[in-house]
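Visitor: Sequence:
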Amino acid sequence: MIDGPIEGKGRRVVICATQVPFAWGGAEILVECLCDQLRARGFDAEVVTLPFQWPQRVDLAKSGLAWRLLDLRQVGGKRVDLVVGTRFPSYLVRHPNKVVWLIHQLRQVYDLLGTPYSDFAEDDERDARAIAMVRAMDRRGLGEARRVFTISGNVAERLQRHNGIAASVLYPPPRLDGRLREGPFGDAVFTIGRLDEIKRVDLLVRALKHTEHPVRARIAGTGPQLETLAALAAKLGVAERVDFLGFVADEQVVEEYAACLAAFYAPYDEDYGFVTVEAFQAGKPMVTTADAGGILELVEDGTNGFVCAPEPRAIAARLDQLWSDRERARRMGEAGRERVREIAWDTVIEQLTASA
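With the working numbering, letter number 3 in the sequence shown gets 3, and the count goes up by one each step, no holes.
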């Protein structure tokens with residue numbers, strides 16, 4: 001949905017994106033939506049994507065070099081007015097008019113270092129060299145951008161803490177912006193996303209074991225944790241109350257939000273979390289955890305949702321409260337709707353293209 005009269009007038013914008021083969025999630029959705037929104041406003045926009053993975057540490061250097069050697073000053077004999085870098089290492093691209101809308105850096109060498117979610121070790125000599133190399137790439141690639149934006153205050157804080165680079169926050173609207181709607185408060189908690197370990201969907205499954213009311217969970221998405229989560233539900237004796245929906249089309253996502261009691265999203269130190277904005281746009285409260293990262297910029301405990309300890313019993317207690325007091329759930333959902341009302345594509349496009 002176009003909120004204002006921003007006009008691109010044919011200015012050419014290239015969005016630079018990285019793609020882990022066979023993985024699709026919030027970052028890919030953001031890039032796709034940004035391109036669509038630019039085109040809707042008259043910009044001649046295109047996405048340039050290079051694959052990214054690091055089975056060996058040397059592949060990090062190769063990926064960075066591939067972006068560094070890419071010449072996007074002209075495409076098809078026509079000048080490119082602006083390039084927008086997104087996540088590592090796409091912002092290493094060289095261009096006289098480069099801005100960055102940072103989704104995240106290579107988190108494994110920054111905030112995830114030393115956690116179970118990183119396979120880098122600072123006391124390993126080869127890893128230490130790779131970490132230093134990535135950080136040097138970031139200083140160069142981000143430091144030469146005309147402006148640096150981030151998708152959340154959490155990402156901005158990491159960037160300042162680890163790299164000494166200041167950034168402005170631009171919250172992205174979700175893909176279903178303008179399509180989500182309110183509905184009845186049913187008996188299920190809905191969550192959606194890639195089923196990876198760091199997303200901690202298991203906390204929701206484990207919480208059902210401890211609820212006093214027959215709260216259900218509807219889990220949309222695919223990923224490497226799917227079979228593990230299904231086995232966990234069976235082991236805990238809650239399999240009949242957990243629906244694994246797999247890939248869900250947009251139309252069904254709208255219906256799931258409209259019909260749910262609340263939404264759950266509690267990954268570890270998330271960059272942003274589209275689920276929160278989607279739930280609030282649908283007028284539903286959010287249940288999350290105190291270590292969920294960027295989600296906490298939008299969720300206020302007791303006002304538009306609950307912020308719990310990352311522990312199943314604590315989550316279960318809050319699910320029971322929402323089950324037993326649907327009117328409170330409704331009030332929380334309405335407060336959530338107000339919280340995200342100002343998140344709009346016009347703001348994003350205006351800021352990103354100011355120098356185009």
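Hints were generated in silico from the structure; no laboratory data involved. Just to be clear, a hint being listed does not mean it is correct.
To be verified - When the alpha-carbon atoms are kept at most 20 Å apart in a straight line, the in silico EDC-like pairs for lysine to aspartate or glutamate are as follows:
#1 Lys78 to Glu28
#2 Lys9 to Asp36
#3 Lys9 to Asp59
#4 Lys235 to Glu197
#5 Lys209 to Asp243
#6 Lys209 to Asp187
#7 Lys235 to Asp202
#8 Lys209 to Glu182
#9 Lys9 to Asp81
#10 Lys62 to Asp123
#11 Lys9 to Asp346
#12 Lys209 to Glu240
#13 Lys209 to Asp320
#14 Lys9 to Glu311
#15 Lys78 to Glu46
#16 Lys209 to Glu311
#17 Lys235 to Glu212
#18 Lys9 to Asp44
#19 Lys62 to Asp127
#20 Lys235 to Glu311
To be verified - Derived Cβ-Cβ restraints for the label pairs, each shown as a range:
#21 Glu311 to Ala249: 27 to 37 Å
#22 Asp124 to Arg79: 41 to 51 Å
#23 Gly178 to Pro214: 49 to 59 Å
#24 His162 to Val58: 17 to 27 Å
#25 Arg129 to Arg331: 50 to 60 Å
#26 Glu240 to Ala166: 22 to 32 Å
#27 Ala121 to Ser324: 40 to 50 Å
#28 Asp196 to Ala239: 13 to 23 Å
#29 Pro214 to Asp123: 47 to 57 Å
#30 Asp196 to Arg68: 27 to 37 Å
Ideal Cβ positions, reconstructed from N, Cα and C, are used throughout, including at glycine.
Visitor: Next, verify each hint and record whether it holds.
Guide: Outcome of the hint check:
1. Distance check on the hinted pair: Lys78 and Glu28 sit about 26 Å apart at the alpha-carbon level, beyond 20 Å; violated.
2. For the hint linking Lys9 to Asp36, the alpha-carbon distance of about 15 Å falls within 20 Å, and the restraint holds.
3. At most 20 Å may separate the alpha-carbon atoms for a hinted pair to count; Lys9 and Asp59 exceed this at roughly 39 Å.
4. Pair hint Lys235 plus Glu197 holds up; C-alpha atoms about 18 Å apart against a cutoff of 20 Å.
5. The straight-line distance between the Cα atoms of Lys209 and Asp243 is roughly 15 Å, inside the 20 Å bound, and the hint therefore holds.
6. At roughly 15 Å between alpha-carbon atoms, Lys209 and Asp187 fall within 20 Å of each other, so this suggested pair holds.
7. A C-alpha spacing of about 12 Å is found between Lys235 and Asp202, which places the hinted pair at or below 20 Å, so the restraint holds.
8. Taken as a hint, the Lys209 and Glu182 pair is broken in the structure, with Cα atoms around 28 Å apart against an allowance of 20 Å.
9. Taken as a hint, the Lys9 and Asp81 pair is honoured in the structure, with Cα atoms around 12 Å apart against an allowance of 20 Å.
10. At roughly 23 Å between alpha-carbon atoms, Lys62 and Asp123 are farther apart than 20 Å, so this suggested pair is violated.
11. Note on Lys9 and Asp346: the hinted pairing holds, with a Cα-Cα distance of about 15 Å set against a maximum of 20 Å.
12. For the given pair, Lys209 sits about 12 Å from Glu240 by alpha-carbon distance, which is consistent with the 20 Å threshold.
13. Only pairs whose Cα atoms come within 20 Å are accepted, and Lys209 paired with Asp320 is accepted, the gap being roughly 12 Å.
14. Taking the CA atoms of Lys9 and Glu311, the gap is near 52 Å; set against the 20 Å cutoff, the hint is violated.
15. Restraint check for Lys78 and Glu46: the C-alpha separation of about 13 Å stays at or below 20 Å, so the hint holds.
16. Restraint check for Lys209 and Glu311: the C-alpha separation of about 12 Å stays at or below 20 Å, so the hint holds.
17. Annotation: proposed proximity of Lys235 to Glu212 holds, straight-line Cα distance about 18 Å (limit 20 Å).
18. This hinted pair checks out: Lys9 and Asp44 have alpha carbons roughly 8 Å apart, not beyond 20 Å.
19. Our distance criterion of 20 Å between C-alpha atoms is met by Lys62 and Asp127, whose separation comes to about 16 Å.
20. A threshold of 20 Å between alpha carbons decides the hint, and for Lys235 with Glu311 the separation of about 18 Å falls inside it, so the pair holds.
21. Between Glu311 and Ala249 the CB atoms are about 34 Å apart, so this pair conforms to the stated range of 27 to 37 Å.
22. For Asp124 and Arg79, the hinted distance range of 41 to 51 Å is satisfied, since their beta carbons lie about 45 Å from each other.
23. For Gly178 and Pro214, the Cβ-Cβ distance of about 34 Å falls outside the hinted range of 49 to 59 Å, so the restraint is violated.
24. Between His162 and Val58 the C-beta distance comes to about 23 Å, which sits within the given range of 17 to 27 Å.
25. For Arg129 paired with Arg331, a C-beta distance near 54 Å keeps the hint of 50 to 60 Å intact.
26. Evaluation of the 22 to 32 Å hint for Glu240 and Ala166 yields a failure: the beta carbon distance comes to about 51 Å.
27. At about 47 Å, the CB distance of Ala121 to Ser324 agrees with the hint of 40 to 50 Å.
28. Taking 13 to 23 Å as the suggested C-beta distance range, the pair Asp196 and Ala239 conforms, at roughly 21 Å.
29. Take Pro214 and Asp123: their Cβ atoms lie about 49 Å apart, and the range 47 to 57 Å holds.
30. Between Asp196 and Arg68, the C-beta spacing of about 29 Å keeps the proposed range 27 to 37 Å intact.
Checked against the numbered hints given earlier, this structure breaks hints 1, 3, 8, 10, 14, 23 and 26; the rest are met.
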